[in-house]
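Enquirer: Residue numbers (this note's numbering), protein chains in the order written: chain Z, 64 to 254; chain D, 64 to 254.
Treat the hints as calculated values from the structure; they're not laboratory data. A portion of the hints provided could be inaccurate.
Since the list gives no way to pick one copy over another, a pair counts as held whenever it fits inside one copy or between any two copies.
[To be verified] Straight-line Cα separation of at most 30 Å, DSSO-like style, residue types lysine-lysine; simulated pairs:
{"no.": "1", "residue 1": "K79", "residue 2": "K174"}
{"no.": "2", "residue 1": "K65", "residue 2": "K158"}
{"no.": "3", "residue 1": "K166", "residue 2": "K65"}
{"no.": "4", "residue 1": "K71", "residue 2": "K144"}
{"no.": "5", "residue 1": "K144", "residue 2": "K248"}
{"no.": "6", "residue 1": "K179", "residue 2": "K71"}
{"no.": "7", "residue 1": "K65", "residue 2": "K144"}
{"no.": "8", "residue 1": "K165", "residue 2": "K110"}
{"no.": "9", "residue 1": "K174", "residue 2": "K158"}
{"no.": "10", "residue 1": "K65", "residue 2": "K179"}
{"no.": "11", "residue 1": "K248", "residue 2": "K174"}
{"no.": "12", "residue 1": "K71", "residue 2": "K174"}
There are 2 protein chains.
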Amino acid sequence: MKILEDRKINDGQIGKGNVLKVDSFLNHQIDTGFISELGKEFYRLFKGENITKILTIEASGIGVACLTAQYFNVPVVFAKKAPTVNIYADIYTAKVNSFTHKKEYEIYVSKQFINKDDNILIIDDFLAKGSALSALISLINDAGAKTVGAGIVIEKAFQEGGKIIRDMNVRVESLARIKEMSEEKGVVFCS
Amino acid sequence: MKILEDRKINDGQIGKGNVLKVDSFLNHQIDTGFISELGKEFYRLFKGENITKILTIEASGIGVACLTAQYFNVPVVFAKKAPTVNIYADIYTAKVNSFTHKKEYEIYVSKQFINKDDNILIIDDFLAKGSALSALISLINDAGAKTVGAGIVIEKAFQEGGKIIRDMNVRVESLARIKEMSEEKGVVFCS
């Protein structure tokens with residue numbers, strides 16, 4: 064999506080250790096007007112799919128998910144994180160490996176909020192190694208619901224997550240796909 | 064706010080240990096259409112105040128904050144939580160006592176996202192003992208910005224937070240104020 068590439072992700076946004084700094088509009092400060100434009104684009108891409116619910120993961124997915132959900136007129140469910148989740152009968156759980164934070168954690172969703180009739184669109188801010196997205200898909204599968212697709216703001220296409228998820232026959236739509244990035248070369252997008 | 068009292072907070076929503084269950088629309092599943100109506104009400108209450116930014120705290124404040132920010136056409140900043148925050152020069156920090164989770168944690172905001180010219184509206188889902196709200200006000204004070212007020216979805220008026228914050232001369236607008244609640248009596252609102 065050109066406005067995302069032009070206005071928000073640029074060479075000045077690469078910090079130390081090749082971390083993309085999107086704190087100013089996406090995951091600390093949220094530029095709600097701009098993110099709402101991204102939500103409109105997700106709606107254009109998935110509006111024919113009879114979406115009944117949007118699923119995301121706390122915390123930085125929630126803003127994008129809510130601002131997208133308004134176009135679909137559906138609720139958002141956000142998976143919660145916990146270091147360990149006791150085995151309750153009324154939740155679905157899945158494991159996530161966070162490479163950024165170098166730890167494993169569990170996510171969970173209450174069973175009452177996903178059911179077998181749901182057509183679910185997953186929305187998240189980043190796709191890199193795909194661990195969080197795989198975990199969300201696993202929750203949906205456990206509920207017997209359908210994963211219609213995943214709407215991602217920024218995909219680090221130089222990492223394997225996109226391929227892993229697409230190989231599961233899940234439609235992935237990323238608004239910006241980064242081919243490579245470094246302090247020297249800046250941000251290079253997939254053409 | 065009558066629609067909140069009538070449609071969403073009712074006697075069936077009191078769980079074990081007198082916990083108000085608002086998972087179905089506010090802090091696990093987010094009923095985005097309904098929450099957007101609450102956002103409109105916050106806008107009606109604070110629109111004359113020249114708000115430049117909305118501040119909230121992860122995770123369950125983010126949805127309400129984003130859906131409110133659209134009416135004001137301002138960005139949202141959400142304070143992040145961490146068990147301990149190293150002393151960085153570029154963040155403001157404050158301590159929060161969570162009575163629900165029986166632990167103390169720190170919240171932080173990057174200095175670049177609050178500055179002395181900001182007129183800040185705080186938005187949060189709950190006000191009970193007031194610890195999170197006090198911490199957010201402290202971050203705003205540290206930045207030399209102005210706290211215009213706090214918009215709260217549900218205030219547990221039988222706890223002391225509302226009085227503490229109002230005694231600091233901060234305007235608090237709660238859309239529902241609960242006077243008392245129990246499995247026996249149900250939910251009783253302040254008149």
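Enquirer: State the violated hints by number, sorted upward, taking the hints as numbered earlier in the document.
Expert: 2, 3, 5, 7, 8 and 10
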